[in-house]
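Peer 1: For the sequence shown, the residue numbers in my numbering are 4 to 288.
Keep in mind the hints are simulated off the structure, nothing from the lab. Cβ coordinates follow ideal geometry from the N, Cα and C atoms, glycine included. Hints should not be assumed to be uniformly reliable.
No farther apart than 25 Å at their CA atoms in a straight line, the calculated lysine-lysine pairs in the DSS-like style are these [said to hold, decoys possible]:
1) K144 with K81
2) K244 with K222
3) K81 with K112
4) K94 with K168
5) K144 with K112
6) K253 with K222
7) K112 with K94
Pairwise CB distance ranges (calculated) [stated by the list, open to error]:
8) E245 with K222: 12 to 22 Å
9) T254 with D214: 18 to 28 Å
10) A70 with V203: 31 to 41 Å
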Amino acid sequence: MRIKIITDSTADLPTDLVHDLGIAVVPVYVRFGNEVFRDGVDITQEEVYRRLLAGEVPPATSQPSPADFAAVYSELLKDHDQIISIHLSSKLSGTFNSALSGRDLLLEKARITVLDSLSLSMGLGLATVTAARLSLAGAGKEEIIESVRQTAPLTRILAMFDTLKYAFRSGRLGAAKSLIGGILNVKPLLTLRDGSFWPVGIARTRARALDTMVDLVRKTPDIADVAVVYATTPDEAETLKERLSAFVEKTRIHISQLGPALGAHGGPGIMAVFIRQQPAALPLV
4 MRIKIITDST
14 ADLPTDLVHD
24 LGIAVVPVYV
34 RFGNEVFRDG
44 VDITQEEVYR
54 RLLAGEVPPA
64 TSQPSPADFA
74 AVYSELLKDH
84 DQIISIHLSS
94 KLSGTFNSAL
104 SGRDLLLEKA
114 RITVLDSLSL
124 SMGLGLATVT
134 AARLSLAGAG
144 KEEIIESVRQ
154 TAPLTRILAM
164 FDTLKYAFRS
174 GRLGAAKSLI
184 GGILNVKPLL
194 TLRDGSFWPV
204 GIARTRARAL
214 DTMVDLVRKT
224 PDIADVAVVY
234 ATTPDEAETL
244 KERLSAFVEK
254 TRIHISQLGP
264 ALGAHGGPGI
274 MAVFIRQQPA
284 ALPLV
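Start from the sequences, fold in the hints, and give me the full structure.
Peer 2: So this is what it looks like as structure tokens:
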């Protein structure tokens, strides 16, 4: 059975992984005033951050339409028996519901499974990568679905915000907003719990925040994959990868840039680590 794995562009997957694993990516939309761009297609990460730093009109984002999803599903079903479509947490975006609606537009909807990753960026990306690896290895539909459902509780996330002004403006902080509302001169450390942001601490400097990330990886058992995600500091991300390679095999550490859709809400300077733990009873995939 040929099973195609689909995600949306907020997964921030590196291009080489998308290509090597045959993952299909549906772009979300980024808007600057009257200008509308498809994430990762019509606008690059660099251009989004340039505009943010230049103080241009604040960007907005929106999910792909049901018609967008339906068009992708319809085309891919021509060559595949099943589709498993994995998306950004439904608590942060309407993308998951839009994918469900897109599926329901098709007569072949029984061949499409839409899953809520309960995560974002490379948390979603690592769930998608795991599903794609299993699909290429010949795993069945139910095994792949179960792997995605296991990934959220097995994924640890720690993100450092250089500034919270973009996240406050976007309204995406959720429960974290009330807990860190007055802390603007430090580096807040946030995690994702049950699909929503929660604060886990603060650091006085970027260096201390990065040390905290290294400690988190060092103390996490049964690591399957790690992703280092940066917004505007690629050299810092490479250095962090080198530090993490003392605890995790380098081939299982991925570096990714935070894409336009999420970068518009988080702003420049974000650095994050995503750790996927492997269930002890299962082999690495």
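Peer 1: Any of the earlier hints contradicted here, and which numbers?
Peer 2: none
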